[in-house]
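There are 4 protein chains.
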Amino acid sequence: MPRTIGILTAGGDSPGLNAAIRAVGKSAARTYGMQLIGFRDGFRGLMENRFVRLGPEDLAGILDRGGTILGTSRTRVHKMDIGNGKPMDMRPMMKRNVEEHQLEALVCLGGGGTIKNALRLAEVGIPVICLPKTIDNDVYGTDVTFGYDTAVNIATEAIDRLHSTAHSHHRIVVVEVMGHNTGWLALASGIASGADVILIPEVPYDVDAVADKILQRKTAGSPFSIVVVAEGAMSREAAETFAKLEARKQQASTDEEKQAAKREIEAFEQAQLRSTERLAEELEERTGLESRVTILGHVQRGGTPSPADRLLATRLGVACVDFIAEGRVGVMVAVRGESVEAVDLKEVAGKRRMVPLDHPMIHSARRLGIALGD
Amino acid sequence: MPRTIGILTAGGDSPGLNAAIRAVGKSAARTYGMQLIGFRDGFRGLMENRFVRLGPEDLAGILDRGGTILGTSRTRVHKMDIGNGKPMDMRPMMKRNVEEHQLEALVCLGGGGTIKNALRLAEVGIPVICLPKTIDNDVYGTDVTFGYDTAVNIATEAIDRLHSTAHSHHRIVVVEVMGHNTGWLALASGIASGADVILIPEVPYDVDAVADKILQRKTAGSPFSIVVVAEGAMSREAAETFAKLEARKQQASTDEEKQAAKREIEAFEQAQLRSTERLAEELEERTGLESRVTILGHVQRGGTPSPADRLLATRLGVACVDFIAEGRVGVMVAVRGESVEAVDLKEVAGKRRMVPLDHPMIHSARRLGIALGD
Amino acid sequence: MPRTIGILTAGGDSPGLNAAIRAVGKSAARTYGMQLIGFRDGFRGLMENRFVRLGPEDLAGILDRGGTILGTSRTRVHKMDIGNGKPMDMRPMMKRNVEEHQLEALVCLGGGGTIKNALRLAEVGIPVICLPKTIDNDVYGTDVTFGYDTAVNIATEAIDRLHSTAHSHHRIVVVEVMGHNTGWLALASGIASGADVILIPEVPYDVDAVADKILQRKTAGSPFSIVVVAEGAMSREAAETFAKLEARKQQASTDEEKQAAKREIEAFEQAQLRSTERLAEELEERTGLESRVTILGHVQRGGTPSPADRLLATRLGVACVDFIAEGRVGVMVAVRGESVEAVDLKEVAGKRRMVPLDHPMIHSARRLGIALGD
Amino acid sequence: MPRTIGILTAGGDSPGLNAAIRAVGKSAARTYGMQLIGFRDGFRGLMENRFVRLGPEDLAGILDRGGTILGTSRTRVHKMDIGNGKPMDMRPMMKRNVEEHQLEALVCLGGGGTIKNALRLAEVGIPVICLPKTIDNDVYGTDVTFGYDTAVNIATEAIDRLHSTAHSHHRIVVVEVMGHNTGWLALASGIASGADVILIPEVPYDVDAVADKILQRKTAGSPFSIVVVAEGAMSREAAETFAKLEARKQQASTDEEKQAAKREIEAFEQAQLRSTERLAEELEERTGLESRVTILGHVQRGGTPSPADRLLATRLGVACVDFIAEGRVGVMVAVRGESVEAVDLKEVAGKRRMVPLDHPMIHSARRLGIALGD
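Protein chains in written order, with our numbering: chain A, 2 to 375; chain B, 2 to 375; chain C, 2 to 375; chain D, 2 to 375.
Chain A with its partners taken away, still in its complex shape (with noise of 0.2 Å):
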């Protein structure tokens, strides 16, 4: 039997996942003689051992494919809903099933969540190697993830679309965009299209400054403005609230209390769904603005690789297999600057890389006098 690698997607769609797949099986065959296999739908088809090897044929085609030929889901290793009521640790069955196969190693393609799976596999011995693929670009200890840059084109292509109306009609135009609790995405695609504003959770925004901006842009003979919002920005207020719960949590010390947290965090979540819509409704009283609010959604999540994607993808691919041919494992892929580095799991695991306050893309947006809210 030829040596074996395994290879799964988890977590929320990101595009890439096929291109990755291509090149992890591509190299590994071409170098090193080695056979690739895929398991179908993330964790879950590891544990019941679904699976389908990836030839050739398999891998033609897919680079410029959106999705993942092998489905995806999303779960924990360690506490999986098998359907009995109670979560349990299938980690034994998934070894058993990498033992069987007599893999080499496991590629595991995801974001954070897979990241904290895959160091929980690599504690029970299996040999487990991360890609890291988010259109977020949240991951902990790389410069980027494949996903982001075609989540930014459909982001900024969508907000040109909607500069039209926002200036036809003399209107506010708030869009939110993805991003999870960063704003990657929300700062690439506000700068890159000419928002005016642009609110993410690493900048607590106030509403009174977002309105004063837009009454700024009505009196210098702009009547319309297009207000960029991440999916997990929050007001000044909203931010300290969920700090003071974060932070209640963290210090419980009985499971009631920590149960109690836990049920107001999703109060408080709750409570924050439609945010971007009541924040345009408070934009539209204060300015006299007619405003329209798009939610982007998960059509930034799928479809068609951009180019650097599927090169950041493939390069990925490549190095992962040359690393497992070195017998490295237990790491995440990354991307550092020109090169591709090997970092332990440990290390990266349950960190989240929020953008930093004296990023570039912050100062150019301070510098072009887009409005942060603060």
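In short, the hints are calculated from the structure, not lab data. Predicted, not measured: the structure shown is a model, and the values here were computed from it. Any given hint could turn out to be false.
Unchecked claim - Distance windows between CB atoms, simulated: (1) B:Asp82 x A:Asp209: 25 to 31 Å; (2) D:Gln251 x C:Glu265: 48 to 54 Å; (3) C:Arg237 x B:Val53: 38 to 44 Å; (4) B:Asp209 x A:Ala239: 39 to 45 Å.
Unchecked claim - Mimicking DSBU-like on lysine-lysine, the simulated pairs with C-alpha atoms at most 30 Å apart in a straight line are: (5) B:Lys80 x A:Lys219; (6) C:Lys352 x C:Lys80; (7) D:Lys245 x C:Lys219; (8) A:Lys219 x B:Lys87.
C-beta: ideal position from N, C-alpha, C; glycine also.
Here the structure of chain A is known, so what remains is to put chains B, C and D in place on it, guided by the hints.
Frame of chain A; chains B, C and D shown alone:
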């Protein structure tokens, strides 16, 4: 003073407006030595005599630009809100402005609402001529309107992207597209993007029928579905209720009854908001599959017009000037097969072009096994 | 054995082929319980009986794919090169294969050459039915062909890009687009992209008239121009020469004369190669402006079909199966306004649809001041 | 008079120029109260003092526009052709104009040639500062230039489209992309589009090796191949000849010898024209497969910049103004990893950034089995 044409853009945004303005201006100047002036912000600018001369340099470089260089607004010429709390008939003022500029014609670019306004202006002796623009394609009396092709492209590309996610995550993806009270945009983008279900106002739907289709697909090994919903689509029950309310409004004999009926319709429409989200929840319940909703929204209205829309807007603009030169006013310039005709405004105002139930798109959808929910 | 339809794609590549194959297969199966088999590489595969069953899984995911999953080739069924040095009539072999599969119909997707081949097959009793596909839009008897809208989009987008360069560098940008011997593609993309000059086969051009237009623009302060040239466009002199050679070929009474005329035409066509580059040089000389030539080439033939082409291909595919079920063969499925008709192959084979000189696009071009070179 | 910055764009077209101009103007005004004036048509406009003030309204709406609102030209400041037949050093005149406007800095947007010109201006005391723009990505001293990402996108999309044709017709598709004397664009677009062969100047190729790769694919059941050729790619023989000629030019001691060497190089370059077409013919001969050549040409230079290029141009424009405010002139603003640095013009002028042979893209290409022709 050279012979002069006036032009304005009214109602919602629609790609191709600038292409039409350019064609009118260029062909008027070159063929008939006429000049063009544009009124700002629709009929409001006509009333306030806010205008701009549109010479060659103003028309350069706008062919591929979205929105309208003139601005737009929504209003009714005979019942305008001018700030004193009661709607006023401002047509006399508009007539005075038209006469002051000695306009041979006033070109109004718009959809159903604009055509009604134009007819009202014709009734007081203003020489209007309309070009049918709307992304909804619902203007009566013409085969097609400009803006529609672009909107179909945008919606199709978005649904193409959502396919990735539906497929990778085994989800029901519900996409709401525009179209006002008609299903043109939903049908075209749904068929073009390979949707599994398309719900349109012309065919009231039954949630169970939709769920059945999705379950059939699941059983056949495709545990994901794309459901495209026109913003005006209604369940069978909602459609019946709405029909009753409309009938009541028609039959109302006193002002009081009319007002009451109107209020009921408004309440109904309020209740219809978020109906797409409720549909998604009902489908989740009935099928056991996760669902995700995307409301495409205003991105469908803006940005660079497609080549087909630029061509159509250009052709209509050129024909419009020829009609003006012939003295044909009080008309809409309509596409009929390969030719362009002038149709009396009286024949088209107040009517809406629904998708006929035997339209080739509906036939195609049924033949391909796309569920229409009936 | 279920009732069976055969299908093949022939001639040049054109976006929408897979959409048409999918529509034929899906509606045949669903509505009439018929199965579909596809022959590989056009008529060559029919001859060699190389075929593949096209079940639901083969038709999934191909709606938006360019090219053809069946492959294609260029050949003549009654004079095929089968490697023995002399062209052979291979129709008997094809007929045998059609009979072996008990095909109710053989659907041929193609342009002018394919329709001629199909007619020849009909003459030996094969139940053919054609769908008109070509990016050139030159099929006689139908308002439009699928592939054309996509090609117009690609060409327009390319010319949009070239505008930047023309403008920034004060250059004449000469762009050659496809279209075979007709000007459909050049006219549509030229008008849609704001070209200054459009040269098409239907209107032989005079280099001096083209240079005059460019000089006028220069004088008026626009020292740059976009010249769109159909690949079949000819100068007045070339057109006259070509007409004479064609006449000579028609009038040739002996085989010897015919061969001589053919050789002369070939020599003429050889001399026409690079004529676009020569035109650019002549324009440089006459205007004193730098020029740049771009030959768009095969990018116009491939890739994802536009939504309009997917819809058209789907509609024709569905109608085709309905005609087959009615026993209508020996026909081409044609678009006529809003409806679809079956047209006898004899009426359309060997003819080419030129742009009529009074076509709305030619009218629009002249009204806008676009020079056609006459 | 407010403090003033001058700006000009020189050399070939590159997407992002307007985004950079906008960023310089906006951040200069907002942060430092400086005004911006632009010289028309590159260094020529500087010499002739043809300039335009760039206030807020001039900078609005240009972020996503291709080309340059200032125009450009190719010239050498110390050897300008001013119509009297002999090249003249026009720097004194330029210096006078810079002094007349009391410019704090002259921002020059351009590639290698522009940087050389800027250094020559610095030598006479003009406070220049350069931003690296070129689609070729070949500017020494910076990780990346703006325009490159857009060009990669355009080229990749075109090659994606050509895949359809290659596949459907069993052809060799040979695509020539730009890149000047480097392989950046060819490598990136070739890997991103799944090319089978990529030929770049950094790796002289052997036609037999290329043909072998194509034949291997044919044997393995893929009778089609995509060959991406950088415009500067050379066969091994051509590269050797060129190296000899270059050496001779370097070693030439008399003016006569220099001129002779120059003439030989020109003759060589002339002979290299159409080398891509000759390559295609040679591949046809060696493989027995049909081939088609596409020269992508100037479409790679124009049109809407990608979001990544808009961001990069914005970031560099903002940093440039910060450097000017600090008095840092005589430098190029360079990207180095995540940061932006000012690099002395003397360090970068006259050098070219080739693709290093151990670059990750070359490594990826080899690992995936893409032939580089060596």
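Open item on the list: Going through the numbered hints above, which ones does this structure break? Give me the numbers in ascending order.
Closed with: 7
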